[in-house]
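Protein chains: 2
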Amino acid sequence: MTVELISVGTELLLGNIVNTNANYLSKKCAILGLSLFYQITVGDNKDRLESVLSQALSRSDILIITGGLGPTQDDITKETVAKVLKRELILDEESKQRIKNYFYQFHSKKSTDDKDPVEIISENNWKQALKIDGSIVIDNHNGTAPGYIVEDSGKVVILLPGPPNELIPMVEDAIFPYLKKLQDKVFVTKMVKVCGIGESRAETKVLDLIEGQGNPTIAPYAKSGEVHFRITASAENQEEAERLIEPVIEEFYHRFGDNIYTISEEETLEEVVVKLLKKKQYSLVTAESCTAGLLSARLVNVPGISGIFNEGFTTYSNQAKVKHLGVKEETLEKYGAVSPQTAKEMAEGAALRTNSDTALAITGIAGPGGGTEEKPVGLVYISCYVRGETLVKECYFKGSRQKVREQSVINALDLLRRSLLNSDY
Amino acid sequence: MTVELISVGTELLLGNIVNTNANYLSKKCAILGLSLFYQITVGDNKDRLESVLSQALSRSDILIITGGLGPTQDDITKETVAKVLKRELILDEESKQRIKNYFYQFHSKKSTDDKDPVEIISENNWKQALKIDGSIVIDNHNGTAPGYIVEDSGKVVILLPGPPNELIPMVEDAIFPYLKKLQDKVFVTKMVKVCGIGESRAETKVLDLIEGQGNPTIAPYAKSGEVHFRITASAENQEEAERLIEPVIEEFYHRFGDNIYTISEEETLEEVVVKLLKKKQYSLVTAESCTAGLLSARLVNVPGISGIFNEGFTTYSNQAKVKHLGVKEETLEKYGAVSPQTAKEMAEGAALRTNSDTALAITGIAGPGGGTEEKPVGLVYISCYVRGETLVKECYFKGSRQKVREQSVINALDLLRRSLLNSDY
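So the protein sequences, as listed, match chains X and L. Counted the way the working numbering counts, the first sequence spans residues 1 to 425. Counted the way the working numbering counts, the second sequence spans residues 1001 to 1425.
Keep in mind that a hint or two might mislead.
The list that follows gives simulated cross-link-like pairs (lysine to aspartate or glutamate, EDC-like), each with its CA atoms no further than 20 angstroms apart [as the list claims (entries may be wrong)]: (1) X/Lys-205 with L/Glu-1011; (2) X/Lys-403 with L/Glu-1348; (3) L/Lys-1205 with X/Asp-357; (4) X/Lys-323 with L/Glu-1246; (5) X/Lys-403 with L/Glu-1266; (6) L/Lys-1323 with X/Glu-11.
It should be emphasised that the hints constitute simulated quantities derived from the structure, not laboratory data.
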């Protein structure tokens, strides 16, 4: 079955927002093995939307349309789809009640961005209680515009609201399961997440597998400092799909070894690190120069980290490195702030002063200025201390100031992860 | 003139990458007053690309096509455009030399992601030295694939490489000026950046201006905790455009006052804060609990900040707040870690202990857990110390853990900005 994505909204054509919905929905289609051939973005214009819809219906089996379901005059998606499918719009009592409840709930919440609820629940909102005749209504728990599924002469037309915080839960709860049922196959998907190895080198390592892919399929997703590979197997049943995916996962482990930090879609690198720390009941302290808090901020992405991670130092100046971490003035003078010696003393000093089991330190030249022939922009030293043992890693990162800093954080987390995996203490 | 954007690449259809190019190019078109009616994404498939190109040529004046210019077999954009325009591909000697030079330069650079250059400079790369007959070649200083402009029977077809770090400089240097020249008008654009006020409230304040817009045009761009308004005036000449834009900017200042932190496209909130600090020669220290380094990391986005920002504390645990910042145990016991009293002591303690002129402290409940009836998720206290005076702001933020933390950072920066603006010390 083929899918066509249609994003409706002049704000997309003006570049006011990035179309992350298209990306999200494309991924979901890929997981389900649905062939997505076209993504179209069109403005809030009846004629152009009508022609886009007609063309899509003529060449694709499933249309997923996002945006234009709101209460304003500009929101024309439902009306236009109804027209193209030659169906009426009728009042849906349940939707009407739901909209009422939503405003009621909204009104009772504290908010820094107070709107007058009377002002919001205008006549326009009832427009959102109209449904396309014969359609399945998909509840929206995070907004007032419901979604719809229309089955029409062998085609499926799905309408979803534009805001991602409304769209994503509706897809997860209702649309994805619906599309899955349309398929006569079962899909099993794993996300092999690799770090500590350059993007192109990682892809080269499995190029033969990617190029020779069949079932399972293999799709690489490059992220800053990481590479993710989505492996998807399809089969008649769960067991068969698992049987198909297993040897491919094994082959990835064979090639990447402990560069793979998880094969779970949801799990992040910081979560893996925190899990390892919790298992050993080790505390962690951070000492950051060029990253200046990016590492500690990322660790705190993991809720419930207190007890493991209690404190961190941003020591941007030399003086701060001496004062807060006990880095020796001689070390800074002799080797400089960006040196393996300074990195080591930062990690060890942070651990000592906070009585922590483990410590991560980062010092480097993020650019754009500050580079020399000997110490170019992108040179970063990462030090990892685990219970009396200290490692230092020298890295040369490419890219912008931001990229260098992001890669530093990922490599620091990865260094700690490996140290914890390999430690028998 | 009407524009159609065509993004070529199966990786976009699989959701492997987000189409940020479409967003970037749409913005550029909006600035130039070009009407963009369609954005199309299509895979690396000759037939489908051909049909998309033919349709676009039939309904739009300018086609901007991105992606598919690389050296692999999958890269078919140039060949397919040539076919649709019925033109030949011919060897471009300059491009050939440029590709050689690029590899030479690449080879001499240090890299953590070493590829064998002999392996890379394969026969395929010379494919990139072919140009569409009669086209203008646009040099690529960050990669091997040049861009092309083809003028054909009153239409313009522009081909650009997909990687943003190659595409963006080419657009800035060559494509934007080219498109500007096609216009008989001059455009002046300002970005009014507003913070410290909720998104919907901000938009409501200027809704009448947005709805009644003509020349200048007004486009709102919502960002986490900020709202940006792009104001674009077009006229016969620069002077006239400036004359048109001035009263609108004035009206924005009238309505938003010092919620506007800049009207420059490039300037960020952290840059404005750092500029104010530098002007007064004030140093800044940070003390962060729930944001855990996000604020300090953001400050260090500004290169050359050392001297102004030297150090920061991530004090996630109560104990760390006591130890590093001198927050009183009684304060924590009596009022809790998330309280105006704790926020105040964090800021004052950080300033005192580091002998800094200014300090920012953040403590709050980012969620998803940890909220109570009295102190719900999203409650954040921000404290700003400037030379003996301390302010505390109570905020209720909506959204995910990440959103709450991002909004905290922006509001902290904004609080310092206002304090510095209003301080006569």
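Status of the hints after comparison with the structure:
1. X/Lys-205 with L/Glu-1011: 19 angstroms, holds
2. X/Lys-403 with L/Glu-1348: 34 angstroms, violated
3. L/Lys-1205 with X/Asp-357: Status violated; Cα separation ~53 angstroms.
4. X/Lys-323 with L/Glu-1246: 50 angstroms, violated
5. X/Lys-403 with L/Glu-1266: 19 angstroms, holds
6. L/Lys-1323 with X/Glu-11: Outside the cut-off at roughly 49 angstroms; violated.
The structure fails to meet hints 2, 3, 4, 6 from the earlier list, while all remaining hints are met.
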